[in-house]
Amino acid sequence: MALLEVRDLKVVFQRRGEKPFTAVDEVSFDVEPGQTVGLVGESGCGKSVTSLAIMRLLAKRGNQVSGSVSFEGTDLLRLSDKEMRDRRGRDLGMVFQDPLSSLNPVIPIGLQITEVLERHRGMSRKVASVEAAELLDKVGIPDPARRLSEYPHQLSGGMRQRALIAIALACRPRLLIADEPTTALDVTIQAQILALLRELVQDTGTALIMITHDLGVVAGLCDQVNVLYGGKIVERAERHALFAEPRHPYTHGLLASIPRLDAGRGEKLIPIRGSVADNIPWDGGCAFAPRCPNALGVCREVSPQLTPDRGGLLRCHNPVIPAVAARGGAR
Amino acid sequence: MTHAVPEQEVLLEVNDLKVHFPIKRGVVIDRTIGYVYAVDGVDLAIRKGETYGLVGESGCGKSTLGRAILRLTELTNGNVVFDGTDVAGLKGEALRKARRRMQMVFQDPMSSLDPRQSVESILTEGMKAHGLAKDKEATAKRLRELLAAVGLPESSLRKYPHEFSGGQRQRIGIARALAVEPDLIVADEPVSALDVSVQAQVVNLLEDLQEKLGLTYLVIAHDLAVVRHISDRIGVMYLGSLVEEADADALYENPLHPYTRALLSAIPVPDPTVEDNREQILLAGDLPSPARPPSGCRFHTRCPWKQQSLCDTDRPQLREIGAGHRVACHYAEDIRDGRIKPHEVEVELVGAGELNPDVGGLPDVGSAAEIL
Chain A
1 MALLEVRDLK VVFQRRGEKP FTAVDEVSFD VEPGQTVGLV GESGCGKSVT
51 SLAIMRLLAK RGNQVSGSVS FEGTDLLRLS DKEMRDRRGR DLGMVFQDPL
101 SSLNPVIPIG LQITEVLERH RGMSRKVASV EAAELLDKVG IPDPARRLSE
151 YPHQLSGGMR QRALIAIALA CRPRLLIADE PTTALDVTIQ AQILALLREL
201 VQDTGTALIM ITHDLGVVAG LCDQVNVLYG GKIVERAERH ALFAEPRHPY
251 THGLLASIPR LDAGRGEKLI PIRGSVADNI PWDGGCAFAP RCPNALGVCR
301 EVSPQLTPDR GGLLRCHNPV IPAVAARGGA R
Chain B
1 MTHAVPEQEV LLEVNDLKVH FPIKRGVVID RTIGYVYAVD GVDLAIRKGE
51 TYGLVGESGC GKSTLGRAIL RLTELTNGNV VFDGTDVAGL KGEALRKARR
101 RMQMVFQDPM SSLDPRQSVE SILTEGMKAH GLAKDKEATA KRLRELLAAV
151 GLPESSLRKY PHEFSGGQRQ RIGIARALAV EPDLIVADEP VSALDVSVQA
201 QVVNLLEDLQ EKLGLTYLVI AHDLAVVRHI SDRIGVMYLG SLVEEADADA
251 LYENPLHPYT RALLSAIPVP DPTVEDNREQ ILLAGDLPSP ARPPSGCRFH
301 TRCPWKQQSL CDTDRPQLRE IGAGHRVACH YAEDIRDGRI KPHEVEVELV
351 GAGELNPDVG GLPDVGSAAE IL
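These protein sequence lines map, in sequence, to chains A and B.
Counting in the working numbering, the first sequence runs from 1 upward without gaps.
Counting in the working numbering, the second sequence runs from 1 upward without gaps.
Just so you know, these hints were derived from the structure itself, not from any lab.
A quick note: this is a predicted structure, and the numbers were derived from the prediction, not measured.
Please note that the accuracy of each hint is not assured.
Only part of the chain B face toward chain A is listed, based on derived beta-carbon distances under 10 Å [claimed, not checked]:
hint : residue
1    : GLY26
2    : VAL28
3    : ASP30
4    : ASN77
5    : HIS130
6    : GLY131
7    : LEU132
8    : ALA149
9    : SER265
10   : ASP271
11   : GLU275
12   : GLN280
13   : LEU283
Below, a list of computed lysine-lysine pairs in the DSBU-like style, where the Cα atoms sit at most 30 Å apart [as the list claims (entries may be wrong)]:
hint : chain 1 : residue 1 : chain 2 : residue 2
14   : B       : LYS341    : A       : LYS138
15   : B       : LYS212    : A       : LYS268
16   : B       : LYS24     : B       : LYS134
17   : A       : LYS268    : B       : LYS48
18   : B       : LYS24     : B       : LYS48
Glycine included, every Cβ here is placed at the ideal spot set by N, Cα and C.
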């Protein structure tokens, strides 16, 4: 049994007087201990909503979450609020994109860490501060004892993100969800944080769900990658397979549209035409069809299903054939 | 933009440009208690028709440099020679006239376009200000041309910015800059606010426009992959000054400055095989505060190649090593030839207190970066 099993997760936003909006639909995936699973996609694809739904952090009002999220056999979606509070922080940790707005500005860093330790591990304040200093040291914050009494605004962006990771790791969770943890950071700092996450997964066997829009980050970190588009998984593959032979035209288009440092210069980028605003609803075909260079008539009529494909999964009527891709494009 | 730019005439020349922002304190009487050395002595030259890329991390002064060139920020020192005239000394009407030829494309198209102005009004405003919109018919024709050039439908004219997606808004921003027929466009992070699939559209558009209109670009960005793709030459900035400048390919194939090497190695490549096998140079610590830059070489506090002599005492000047390749490092040749090996770096704390020792906490490093 996998550590985390997400099955048919569906999130519908229902606002009064507005048409319900399905942000996430038919999302199923497993996470094994020590595994890093990536959720990749552009803004609005539902990757963050998926993570919030797993953590049960979506507001109850106006959101309908269905499906199941089973963590070691317990369905998190069926737990009471109190039971879920005990799990959060202890079994499941989360790191958010913007460290400054995720930390409490008027409470010292140290107290924000010891709070978790006291709550979940029953430590006394004294023992907890020693442990907190060790945690800060582990995530690479220099002079940790002094940092404990400092406030978030006194730390730099990279240090804040490290502090946030320290809080998430305080109770040695078995699953860590990182939602765009490096997007707000500079590249050299990003490299530090990614190295830290990689090390943590290797040393502690923590499972990691990495949510990002950056395919470069995915390439270096994730074992398995789920590509999301319009709230559904459109492709899943092991990372080597995904990058070597992307099958979904969207994945292929994404890879062709980013300039690469190691490729020859001067080749024109091949953009994906249009924008997310052009999507059609899934029940009337494939949401990506209006932007897709491979689109057929059937793509605007029949909604594609997620089917096994070369060891991964694929949701497409007319996938990219690798030999064609190598010759310069799916179009 | 792959064609090699021949030794053409220089369109823009920047000499010893400095921008220092005062740090003020006091409620009734403002006392200046220090300076943020945002840009501290930059020399560069941009030739006609080329794309010059400026890269660096947040807080390195690249945006301030771009704004200072357009005189959107007052210079503390130095001059900016644009097509033979020193723009830095211009005032009033002369400055206003000069501005027609230098335009800017901003990072966030939502906040740089007036939400209550229609696209038509946005595009004609600059033309009117510079007396380019006298004839009604000619203006209408020009508007159609502009929209066609940036790939927007004609119906856009009556719409307002909120009716467009991010990529389309950036196209409006570009059309606005083009409306007054400029020679130089300074693009500050033109694609970083856009989704990856849309970024390529805007990058291609900038390239096409340059080919068609013979524009000169100064592209400021933190994404080295994007900058390398569109630039002919690249300058790397660190803490207010250029540390290396070279042709785009030379910089990538043969980076000489330790900072450039670290920056290149830090950028994730979307290819698992490359990612698994490459060696990263992880820089220790954070960018020091530009209000209290380190002595000597600004990079010596984080440099894995730092030596006992010179580095912490003498500030290296940009010097030429090889054709068109300039680098500001005392030991560039030794590093290139492998005579010096990298070593561990002790992390030095960069706290908010360092920005302003008297005040203690505020303002923090983050907001200093925002000032820049």
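Tell me the numbers of any earlier hints that the structure contravenes, in ascending order. 1, 2, 3, 4, 5, 6, 7, 8, 16 and 18
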